[in-house]
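Start from the sequences, fold in the hints, and give me the full structure.
In order, the protein sequence lines correspond to chains C and S. One rule links them: number in the numbering used here = place in the first sequence (from 1) + 1411. One rule links them: number in the numbering used here = place in the second sequence (from 1) + 4.
Hints are computed from structural coordinates only; laboratory data are not their basis. Even glycine gets a Cβ: it sits at the ideal position worked out from N, Cα and C. Certain hints may be false.
As the list claims (entries may be wrong) - Distance windows between CB atoms, simulated:
no., chain 1, residue 1, chain 2, residue 2, range
1, C, Tyr1505, S, Gln59, 28 to 34 Å
2, S, Leu128, C, Gly1796, 45 to 51 Å
3, S, Gln59, C, Gln1504, 26 to 32 Å
4, C, Asp1849, S, Asp157, 55 to 61 Å
5, C, Gly1628, S, Phe52, 57 to 63 Å
Stated by the list, open to error - From the structure, some residues in chain S lie toward chain C, with a derived Cβ separation under 10 Å:
no., residue
6, Val73
7, Gly158
8, Trp176
9, Gly178
10, Phe180
11, Phe256
12, Gly266
Said to hold, decoys possible - Covered stretches of chain S (in silico footprint by chain C; criterion: 3 or more residues with CB under 8 Å from a CB of chain C, positions within the stretch not fixed):
no., segment
13, 59-67
14, 146-157
15, 235-243
16, 267-281
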Amino acid sequence: MTSNAFRSRRPHRVLLAAGVAALAVGLTACAPGSNSAGGAETEEITAEVTPEQVAELGDITLTGWADVAEQGLMEQFIPRFEEEYPNVTVDMQYKSFNDLIATVVNAANSKDAPDVFQGNIGYAVDGALVEAGLVRPLDDVAEVYGWDSDAAAETLAPARWNEDGTRFGSGTLYGMSVITEVQGIYYNKAKLQALGIEVPQSIDELEAALPVAAAAGEQPIMLGNADQYAAMHVYSDIAAAEQDPQDIRDWVFGEEDATFATEGNLAAAERIADWAQQGFFGEGYDGIGNEDAIARFAGGEGVFFVGGSWNGAKLTDAPAPGFGMSALPDGGVGAIASPWHISANSDASPAAIAFLDMLRTPETAQEIVDTGRLPVLLEGVTGDGELESETLAVADATIAAGGQVGYYDWTTTDMFSVMGGALQELMAGRTTAEEFADTVQADWEGTYAG
Amino acid sequence: MTTDVRLSGSERVTPLRPAAPVPPKRRARRDWIGYAYLAPALVFYGVFVVVPILQSIQISFYDYNGLSVASWVGLDNYAAVLSDGRLLEALGHSFVFLLFYSVLPVMLGLLLAGLMSRIRIYGLTAFRALLFLPQILSTVVVAVAWRGIYDIDGPINEFLRAIGLGDLARAWIGDFDSALPSVGLVGTWIEYGLCMVLFLAGIAAIDREMYEAARLDGAGAVREFFSLTVPSLRPQIVVAMILTVTFALRNFDIVWNTTRGGPGTSTTVPSVFVYQFAFQSRDIGLASALAIALTVVTLAVVGVVLLLGRERDSKGGRRARRAS
Chain C
1412 MTSNAFRSRR PHRVLLAAGV AALAVGLTAC APGSNSAGGA ETEEITAEVT PEQVAELGDI
1472 TLTGWADVAE QGLMEQFIPR FEEEYPNVTV DMQYKSFNDL IATVVNAANS KDAPDVFQGN
1532 IGYAVDGALV EAGLVRPLDD VAEVYGWDSD AAAETLAPAR WNEDGTRFGS GTLYGMSVIT
1592 EVQGIYYNKA KLQALGIEVP QSIDELEAAL PVAAAAGEQP IMLGNADQYA AMHVYSDIAA
1652 AEQDPQDIRD WVFGEEDATF ATEGNLAAAE RIADWAQQGF FGEGYDGIGN EDAIARFAGG
1712 EGVFFVGGSW NGAKLTDAPA PGFGMSALPD GGVGAIASPW HISANSDASP AAIAFLDMLR
1772 TPETAQEIVD TGRLPVLLEG VTGDGELESE TLAVADATIA AGGQVGYYDW TTTDMFSVMG
1832 GALQELMAGR TTAEEFADTV QADWEGTYAG
Chain S
5 MTTDVRLSGS ERVTPLRPAA PVPPKRRARR DWIGYAYLAP ALVFYGVFVV VPILQSIQIS
65 FYDYNGLSVA SWVGLDNYAA VLSDGRLLEA LGHSFVFLLF YSVLPVMLGL LLAGLMSRIR
125 IYGLTAFRAL LFLPQILSTV VVAVAWRGIY DIDGPINEFL RAIGLGDLAR AWIGDFDSAL
185 PSVGLVGTWI EYGLCMVLFL AGIAAIDREM YEAARLDGAG AVREFFSLTV PSLRPQIVVA
245 MILTVTFALR NFDIVWNTTR GGPGTSTTVP SVFVYQFAFQ SRDIGLASAL AIALTVVTLA
305 VVGVVLLLGR ERDSKGGRRA RRAS
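Put into structure tokens, the structure is as follows:
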């Protein structure tokens, strides 16, 4: 038995050597990724796409990939679109946000790429799509349909890129989003009344209310920071109140010589650390997820919840007096949701253009509100309940104050974890505001310097 | 009983070579049939394991975002991996996890196996199945459950408050000092059942007469455990160590689903960065280089485990030979 096993070892060695040789050849042979599907010619449009033009395509299917958060809107919107363009059938697939950003780039790079799909702002998804030439430039479309001159023209900025997909914020337009998100202060109405606190209209007024709530034995702010991003939003709200929003925007979009160590950012860092040290976020916030925190807040724990408008959906069904939302007119960052793109290889681009056009209309804006989101086109839309109306007012105020500066974590592909982690250290009192700013700025310089 | 394995190569081959050589034709055909039986598994293994590993090695020498044509960068990715201070810290955490994912489960498994083999327990099969349960649960489910257990208002803290130790209560995985051991203990809980079952099987194979002899020589329960059970389980211990060490070093899902490496960077492990490089930064070359480096570290640690296991083995063998 042993002898046979032994003799057959020799051929194995030969095989192994052959394998190593083949590997060495393979390593130097062809570079991976040489079969990219991008780079088709774009037919620019000079006038609006007409239903007749779309009809000329014959009976077609417009395929799409969307964030599952859009499903409610799409279920109202798609039937309306199919009625307008009867020869088009829309086949939309929905993915969770994490699945979408992890797979959409490869899907766009495949032979049967979806005609329309949502990417995500920043280098990892939209930047890769632009660099590989997988999405159609939309400057002609924006001009023809007046996107670049309507009330929400400024919200297009995060979908503008330079040619090689290395800088965004200005340049060629590659995507369009019709949904926005704003930050604000959610408050528990009954508790404010019991504590005799006025609704805070700014970070300063919020700060003044915190010790009052704490003295009454309440947890002033509900925070769940286990996912490392909830505190980043609180921080950016304070930071936006401490300085000209333009300074933040410059840094977010990688303007030369921009620095994170601005007086405003440092003051905001000291402020949030101080709040944390005084226990205004309660105990163990780094061990609670954001979803759990908003559920606790909805259940009556905590007086305030500082966060984005997407948290509102969990608060609308609360029994009266329920919850309100207050704007941060002196700050409060916000940004558009994932932009829609048209595949560079779409064989149905007139239909795809019509799809994007119809998304950016007042009718759709109302549908967006009705399905619990915030449209970029706010004029004429009305909210259903009190909290929805307040949220719309917050969005209006934020956009008017120029507070839609985007998010700090757009700056580099790993800023989310670098800044999220550094902020946890700062709030736990393990680092100073300066050290926090240094860590963040070092990561930024890794992408933008030189 | 295992002495032949330790003989040197030349000693082994000569006496065992068959007297009459097998005709080459027949031997070739027999080999071919053997490979034919193996073929389905080999193809599967090749396509889903070998090829991806080779591709990872190849990609690790390129600057590649998964889309555009990759450009050759030689060892740059490896240089970046070796000079990244965050990765060194993460590797340090992994070695702490070795204690929780490997050493503790093996010790617990030995203890439980020793107890179960000695004490007659009613419903032993049920207990064994229960204790093995963590091993078969999805790690995501386990992580979510433990997040609840470690919660600031979770059962651990409730218990501490109930017995008057409320000062010790904390968000176990949200606290800089307790996060790493807390996540580590989840690994202990998952792995000890596997070790226990391995050791129980090993104990069942130990000759009962040995125990009788030990008892006749006056060995108590403890003496019997350390002088007979543990040494006899050496092969099982080595297997358990190899399995748990690999699990500890490539561990991603438990960390990702409990702390995402936080708070701060206190629970980061290399595989968290592999995920971030590949799926968030789309720097597939760097991710591959880190994955390969991690594989080399894992193989090295496993090698040390094997070496330690074998060294003790030969010492034991020498003693046995001397005794005879």
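Taking the hints in turn, this is what the structure says about them:
1. Judged by the Cβ atoms, the range 28 to 34 Å given for C/Tyr1505 and S/Gln59 holds: they are separated by roughly 31 Å.
2. Between S/Leu128 and C/Gly1796 the CB atoms are about 60 Å apart, so this pair departs from the stated range of 45 to 51 Å.
3. Separated by about 28 Å at the C-beta atoms, S/Gln59 and C/Gln1504 satisfy the suggested range of 26 to 32 Å.
4. Separated by about 36 Å at the C-beta atoms, C/Asp1849 and S/Asp157 break the suggested range of 55 to 61 Å.
5. Separation of C/Gly1628 from S/Phe52 is about 58 Å and conforms to the stated range, judged on CB atoms against 57 to 63 Å.
6. Interface hint at S/Val73: satisfied, since its Cβ lies 5 Å from the closest Cβ of chain C, which is below the 10 Å cut-off.
7. The closest approach between the C-beta of S/Gly158 and any C-beta of chain C is roughly 9 Å, which is under the 10 Å cut-off, so the hint is satisfied.
8. A hinted interface residue such as S/Trp176 counts as satisfied when its beta carbon comes closer than 10 Å to some beta carbon of chain C; here the least separation is about 7 Å, so the hint holds.
9. Interface hint at S/Gly178: satisfied, since its Cβ lies 3 Å from the closest Cβ of chain C, which is below the 10 Å cut-off.
10. The interface hint given for S/Phe180 is met, as the beta carbon of that residue sits about 6 Å from the closest beta carbon of chain C, less than 10 Å.
11. About 14 Å separates the beta-carbon of S/Phe256 from the nearest beta-carbon of chain C, more than 10 Å, and the hint is not met.
12. About 5 Å separates the beta-carbon of S/Gly266 from the nearest beta-carbon of chain C, less than 10 Å, and the hint is met.
13. A stretch counts as covered by a chain when three or more of its residues have a beta carbon under 8 Å from one of that chain; for the segment 59-67 of chain S and chain C the count is 6, and the coverage holds.
14. Only residues whose C-beta sits within less than 8 Å of a C-beta in chain C count toward coverage, and the segment 146-157 of chain S has 4 of them, enough to reach three; the restraint holds.
15. Closer than 8 Å: that is the beta-carbon criterion, and the segment 235-243 of chain S has 0 residues meeting it against chain C, so the requirement of 3 is violated.
16. Only residues whose C-beta sits within less than 8 Å of a C-beta in chain C count toward coverage, and the segment 267-281 of chain S has 4 of them, enough to reach three; the restraint holds.
In this structure, the hints that do not hold are numbers 2, 4, 11, 15, in rising order.
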